[in-house]
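Asker: Residues per chain are reported as follows:
Protein chains: 2
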Amino acid sequence: MSAVDFLSLATAGVQGLHPYQPGKPIEELQRELGLSRIVKLASNENPLGSSQKGVAAAAGEIPGIHIYPDDNGFRLRNKLAERHGVAPEQLVLGSGSSDVIDMAARSFLGPGVNAVYSEHAFAMYAIYTQASGAAAKVAPALPADNPQSPHGHDLDALAARVDEKTRVVFIANPNNPTGGWLREAPLKAFIDALPSRVIVVLDEAYTEYVEEEDFPNGLRWLDDYPNLLVTRTFSKIHGLAGLRVGYGVASPELAAVVNRVRAPFNVNSAALAAAEAALDDEAFVQRSRENNRQGLAQLSSGCDELGLAWIPSVGNFLCIDMGRPAGPVFDALLREGVIVRPVANYGLPNHLRVTVGTPEENAFFLRALERVL
Amino acid sequence: MSAVDFLSLATAGVQGLHPYQPGKPIEELQRELGLSRIVKLASNENPLGSSQKGVAAAAGEIPGIHIYPDDNGFRLRNKLAERHGVAPEQLVLGSGSSDVIDMAARSFLGPGVNAVYSEHAFAMYAIYTQASGAAAKVAPALPADNPQSPHGHDLDALAARVDEKTRVVFIANPNNPTGGWLREAPLKAFIDALPSRVIVVLDEAYTEYVEEEDFPNGLRWLDDYPNLLVTRTFSKIHGLAGLRVGYGVASPELAAVVNRVRAPFNVNSAALAAAEAALDDEAFVQRSRENNRQGLAQLSSGCDELGLAWIPSVGNFLCIDMGRPAGPVFDALLREGVIVRPVANYGLPNHLRVTVGTPEENAFFLRALERVL
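Top to bottom, those sequences are chains E and P. Take the first sequence: its letter number 44 is residue 44 in my numbering, and every next letter is one higher. Take the second sequence: its letter number 139 is residue 139 in my numbering, and every next letter is one higher.
To be clear, the hints were calculated from the coordinates, so they are not data collected in a lab. Check each hint, because a few of them may be wrong.
What the hints assert, rightly or not - Facing chain P, from chain E, some residues (calculated, C-beta under 8 Å):
no. : residue
1   : I62
2   : H66
3   : D70
4   : A263
We put the beta carbon where it would ideally sit given N, CA and C, even for glycine.
Using the sequences and the accompanying hints, generate a full structural model.
Answerer: As structure tokens, this is what we get:
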């Protein structure tokens, strides 16, 4: 049998995807580098762990895991609907909110149409768009010296890229990896001016961390904009990243379309139960928010002392300008036992994104950074 | 704002998908019907529960669920590779094997090409094909009175439907919901005769239950057929349906393409650990197989006594011909506290698919069926 080039048989979108780059678990890295301790500040996980209510609920599901999950996520959907004052059929449950974003892309994107998003925005928007075969129209970000939002979403530039073939606009608020955010009035005006046939995916993965007064809650706009899909996750402030659960909220009409491509049983039983319980743990959310506020202050003042610039952040991470190519700094930090996130693939080759840890982890990172620089 | 028909904006494939039908959890049904006990023999779950090694490993992961899963599934991939004598890069991990089948569809199917599968085959082949926008070429099944495999895959009919636009052939062995199976020599000859540019997705979700001598193991053919993707699941004999984990094995070249569309973190931490541990629990697999053998005999002789025909099965379920439209029988069984699976949507309107339960559950079902008929 002659060799077949399977990639040439794949869809055009898949042919253009960057191949998957496997990583190594911490334990492997630890063994390879011979380190006694590794502090991982790379994935915007919650340094306080998980809601103990969530943990207990997940553990309670384990003895029954021979049974398929409730495909409809009946209880979690109802609880979220009640919490947010929407109907259960407005919910789209996902294996993390990235799953919901993927569902939106699969529903509306394909060859011949396009998606609009910003430079430096969350990497999955580009990947889902590419996988679908749709064209990507990427708006340049605000300049680095913009006083309100350096490297932030430029709403005018985004609006200018929307044309009659645009099906989806992806917006992250706050944005990852920059940490910047969009204020209520301009974001609402942006959505208001869009043709109602353009789906707006408003990714609010980090919204629970934000304490700024002028920060919008996209869920309040659902009645006004049937074309709006707001996504949220349990991976960040709720500390359930390992279980994979998130959700989207939209008009019943839009949610019905997106739910068509939802995979059966896409949220596992432990995740459904943990998410439901975590919603009741407001104390844990509060503590996480507090730790984050203090950690952001600790990291940013530590950077100031080292003479490093950083992008003002309302997320649970800080994007720090190393003032030089960040790759070697990343490598050196790794040898010091600190894993952070290089963001060269986000068009920020001099920055490293650092997740807010516990006070002790933040100090560990700052000491390592000082030694490395 | 005028009302927008979002479905008309969706991709052609999604427009043709049948909308998602939400179900209700057992507890809801129990309350509604006022039943003290419900026996669910509807989803081919393992009536013996899960491997206790798997359960313990999953429970051990719960305290660390604020951390993302190992995206690469390093340890599970290596363990599966060792078990099956393949390289780790030949593995594709999925959130259930349906996720892997979906990935194959997303990689190779789209408008302008087609997929080939059999009538009465697993329903997701049709759904994934439709979602992609590809055409479906459905081969009629063998007739109901075929002595070897009533309602089974007709390999000649399948081969006849493969044309130059065929990208994927889906084959289930054994097939769900019929329970029939393909023997080694004819299946190998079928694959051998296919052009090497046609991907064969060989779905072996129920393979661990089969004890027939002439039953093939698709993994042994991987060296001969770089276009072969064999899928397996932990949802059935391993009893991990609630956690969502399965896998595919293919040539490194084919696996690399399919892995391109794998969602990040698609297998959660508890599932990765449970699957790894379950692979070591050969005693549980053995016990499950034994319970299944006895249960199939119990169900089929019970049907014989009731004068009902059934399709010979090597899976963990029996497809029973009610000799009349099965819908009312299904409803009546529900009121007796037994949930089974109607298969009218599989083109078998007179059949009900019944999962093999414990001896006591099987007897409970047979008594209910006798009352109902």
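Asker: A separate judgement is required for each hint: does it hold in the structure or not?
Answerer: Against the structure, the hints come out as follows:
1. I62: Cβ of I62/E sits 5 Å from chain P, so the hint holds.
2. H66: 4 Å, holds
3. D70: 5 Å, holds
4. A263: 6 Å, holds
This entry satisfies every hint, going by the numbered hints stated previously.
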